[in-house]
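Asker: For reference, the chains in residue letters:
Protein chains: 2
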Amino acid sequence: MMGGDYGPRVTVPAIIKSLTAHPDLKLILVGNQEQIHARLDASASGVRNRIVVHHADDVIAMDEKPSAALRSKRDTSMRACLNLVKEGSAQACVSAGNTGALMAIGSHVLRKQQGLIRPAICSAIPTLKGHSYLLDLGANIECSAEQLSQFAIMGASLASAVDNIKQPRVALLNIGQEEIKGNAQVKEAAQLLQQSPLINYVGYVEGDVLFEGDADVIVCDGFTGNVALKTSEGVASFISKKIKRQLRGSVQKKVLAWLAMPVLSAIFKQLDARSLNGAVFLGLQGIVVKSHGNADAYSFSSAISLALSMASCGLADTIDNRLQALE
Amino acid sequence: MMGGDYGPRVTVPAIIKSLTAHPDLKLILVGNQEQIHARLDASASGVRNRIVVHHADDVIAMDEKPSAALRSKRDTSMRACLNLVKEGSAQACVSAGNTGALMAIGSHVLRKQQGLIRPAICSAIPTLKGHSYLLDLGANIECSAEQLSQFAIMGASLASAVDNIKQPRVALLNIGQEEIKGNAQVKEAAQLLQQSPLINYVGYVEGDVLFEGDADVIVCDGFTGNVALKTSEGVASFISKKIKRQLRGSVQKKVLAWLAMPVLSAIFKQLDARSLNGAVFLGLQGIVVKSHGNADAYSFSSAISLALSMASCGLADTIDNRLQALE
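Listed in order, the protein sequences are those of chains L and G.
As numbered in the numbering used here, residues 1 to 327 make up the first sequence, in order.
As numbered in the numbering used here, residues 1 to 327 make up the second sequence, in order.
Hints may contain errors.
With a straight-line cut-off of 20 Å between C-alpha atoms, the simulated DMTMM-like cross-links for lysine to aspartate or glutamate are [unchecked claim]: (1) G:K129 x G:D163; (2) L:K65 x G:E206; (3) L:K242 x G:D208; (4) G:K187 x G:E146; (5) G:K241 x L:E206; (6) G:K241 x L:D214; (7) G:K187 x L:E142; (8) G:K242 x L:D208; (9) L:K269 x G:D208; (10) G:K244 x L:D208; (11) L:K241 x G:E212; (12) L:K129 x L:D41; (13) L:K187 x G:E142; (14) G:K181 x L:D63; (15) L:K242 x G:E212; (16) L:K73 x L:E87; (17) G:K65 x L:E206; (18) G:K242 x L:E212; (19) G:K73 x G:D57; (20) L:K244 x G:D208; (21) L:K241 x G:D208; (22) G:K244 x L:E212; (23) L:K129 x L:D208; (24) L:K241 x G:D214; (25) L:K241 x G:E206; (26) G:K181 x L:E64; (27) G:K26 x G:E87; (28) G:K181 x L:E142; (29) G:K241 x L:D208; (30) G:K129 x G:E142; (31) G:K242 x L:E87.
Source of the hints: derived by calculation from the structure; they are not laboratory data.
Model the full assembly from the supplied sequences, consistent with the hints where possible.
Answerer: Here it is as structure tokens:
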């Protein structure tokens with residue numbers, strides 16, 4: 001409840017929205033109980049019986065170093081929340097807090113799935129046909145071909161489970177430089193995926209068709225994925241700032257830019273996929289969804305919905321079985 | 001004259017535009033002389049005395065493999081053009097042809113600059129403050145820290161020479177994953193650049209601020225640069241297609257989208273930096289500018305202007321001196 005740029009100011013309205021939308025959902029709210037209750041009591045009467053507040057004294061700051069957060073013995077809301085998942089009191093953890101700390105403490109508390117080299121961060125990106133999943137987004141800077149295949153397994157399991165796609169199309173993000181297409185790892189991963197009966201491998205995609213929707217899952221190392229995702233945010237922000245500048249131009253430009261705004265803001269909202277859906281940590285023995293730090297109540301409740309659908313469909317077991325079969 | 005998607009249909013109007021704009025410019029037009037003359041005679045009367053046509057029998061196809069193009073003994077326009085630069089008859093080569101072939105034959109004919117590990121491909125990208133240079137864009141899939149420093153030297157020399165910036169701000173493209181910022185090469189390159197008196201190193205930039213204009217030169221390996229550039233094209237194309245879909249929606253949406261179009265198409269045109277300015281091959285003993293394959297006459301003549309300003313300012317010598325000083 002304490003994470004992100006706004007804490008309970010955003011998370012409390014978000015959980016009320018989620019509880020109202022999902023009548024079977026129960027939530028354990030982890031954080032400073034005074035702050036939570038102060039915002040809760042006013043508005044939560046209808047859903048109050050499906051809420052438990054779990055107090056934690058301390059909070060991990062958004063800029064705290066993950067290694068420091070991991071070593072610290074403090075009673076933080078993030079660690080308490082992950083512990084609830086570990087002991088089976090909760091089926092998923094949703095947080096808008098410090099990403100690095102959530103990955104570090106999450107890996108430590110929940111442990112990675114058997115046979116997995118390393119967990120990955122995955123997010124939905126909008127496409128012309130709906131959305132695709134892109135992973136890894138920064139948990140693994142350099143990845144072997146085997147790691148990339150494991151990402152493919154996890155991403156495809158997610159698409160099957162959440163979107164009900166029987167044979168998700170999996171692609172590798174690559175560059176179109178003639179002949180020497182990609183680095184050794186990507187080329188070797190392509191061979192592994194081609195041979196795997198578990199994966200519906202559809203080939204390479206390049207950055208310029210990333211948003212066309214030709215694949216359900218797009219796999220790359222964490223460095224490349226992070227650059228691709230952040231660059232797309234950078235372009236959206238560039239376009240949006242350029243349009244706003246027009247508002248300071250001639251009267252004609254002002255009017256045109258002002259008229260264009262409603263059309264555009266809907267599109268830009270789609271592009272900020274992370275704030276809409278949250279990123280998923282794949283490969284842990286427990287579900288962890290990371291909402292964007294500056295998420296509003298609508299976005300944070302989307303992250304809760306995502307965690308709910310992941311918890312409902314036995315994603316961890318699917319991944320587990322497929323990882324074993326890969327070996 | 002024969003390269004790109006349109007050949008002389010675009011290149012002839014482009015060279016007339018360039019010759020008209022630059023009264024001191026002389027051009028050697030390399031390609032099929034019948035095709036060139038057929039388009040030239042109608043419109044080139046005023047600038048005809050500054051044109052020489054250099055016939056070449058054959059053409060390298062846009063989809064030809066670079067290695068095959070390199071080995072071939074055919075009299076192609078691309079090789080003839082590069083030979084003119086090598087023998088000093090021309091000061092720069094501009095082509096809209098096959099990128100891989102141009103790099104392969106360019107490296108073979110012109111040779112790389114002394115002390116340089118490998119040439120790089122560089123392009124201007126639009127920013128909120130003007131433009132920055134991004135390199136490498138795909139010539140080098142994996143790069144050592146030393147290569148990244150050499151890219152920094154070459155990019156900074158370009159910014160100094162073409163844009164007259166005394167101490168261009170150089171940044172490394174990196175990811176914001178806490179603590180383990182980037183891979184080993186990027187971290188080592190940061191140290192090299194910090195220590196170098198030749199470089200005004202300003203630190204890391206992430207994808208989301210790539211278009212803010214906080215650096216004049218942004219350095220990365222060719223895999224990352226290619227993904228970043230193509231992803232930004234992908235986002236622009238996604239937004240533009242989304243807006244076009246609105247044109248098929250309700251009357252209100254149609255009107256808004258139609259009104260928004262002029263504001264947007266100007267911005268999208270800026271984003272397609274490659275078609276505006278062309279990409280530059282840095283590190284060869286001779287100037288090579290690669291125009292985008294689908295460039296129109298305006299874009300192709302921009303590439304000619306870029307080659308002209310590079311040739312006028314002794315870029316190769318600047319790079320040469322700085323590379324020696326780096327060692």
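Asker: K242 (chain G) and D208 (chain L): Cα distance at most 20 Å?
Answerer: holds, 15 Å
Asker: For the pair supplied as a hint, K241 (chain L) and E212 (chain G), confirm whether the alpha-carbon distance does not exceed 20 Å.
Answerer: holds, 10 Å
Asker: Regarding the pair K65 (chain L) and E206 (chain G), is the alpha-carbon distance no greater than 20 Å?
Answerer: holds, 19 Å
Asker: Given the proposed pairing of K73 (chain G) with D57 (chain G), does the C-alpha separation stay at or below 20 Å?
Answerer: holds, 12 Å
Asker: What's the verdict on K129 (chain L) and D41 (chain L), does the C-alpha distance respect the 20 Å limit or exceed it?
Answerer: violated, 42 Å
Asker: If you draw a straight line from the CA of K241 (chain L) to the CA of D208 (chain G), is it 20 Å or shorter?
Answerer: Measuring from Cα to Cα gives roughly 13 Å; hence the hint holds.
Asker: Hinted pair, alpha-carbon criterion (20 Å max): K187 (chain L), E142 (chain G). Please report holds or violated.
Answerer: Since the Cα atoms of K187 (chain L) and E142 (chain G) sit roughly 14 Å apart, the hinted pair holds (cutoff 20 Å).
Asker: Check the hint pairing K187 (chain G) with E142 (chain L) against an upper bound of 20 Å on the C-alpha distance.
Answerer: Holds. K187 (chain G) to E142 (chain L) sits at ~14 Å (cutoff 20 Å).
Asker: Sort out whether D163 (chain G) lies within 20 Å of K129 (chain G), counting only the CA atoms.
Answerer: holds, 13 Å
Asker: Regarding the pair K241 (chain G) and E206 (chain L), is the alpha-carbon distance no greater than 20 Å?
Answerer: Holds, because 18 Å separates the two Cα atoms, which is no more than 20 Å.
Asker: Given the hinted pair K269 (chain L) and D208 (chain G), is their Cα-Cα distance within 20 Å?
Answerer: Roughly 15 Å separates the two Cα atoms, so the pair holds.
Asker: Are the Cα positions of K65 (chain G) and E206 (chain L) separated by 20 Å at most?
Answerer: Answer holds: K65 (chain G) to E206 (chain L) is near 19 Å, not above 20 Å.
Checked against the numbered hints given earlier, the structure breaks hints 12, 30, 31 and satisfies all the rest.
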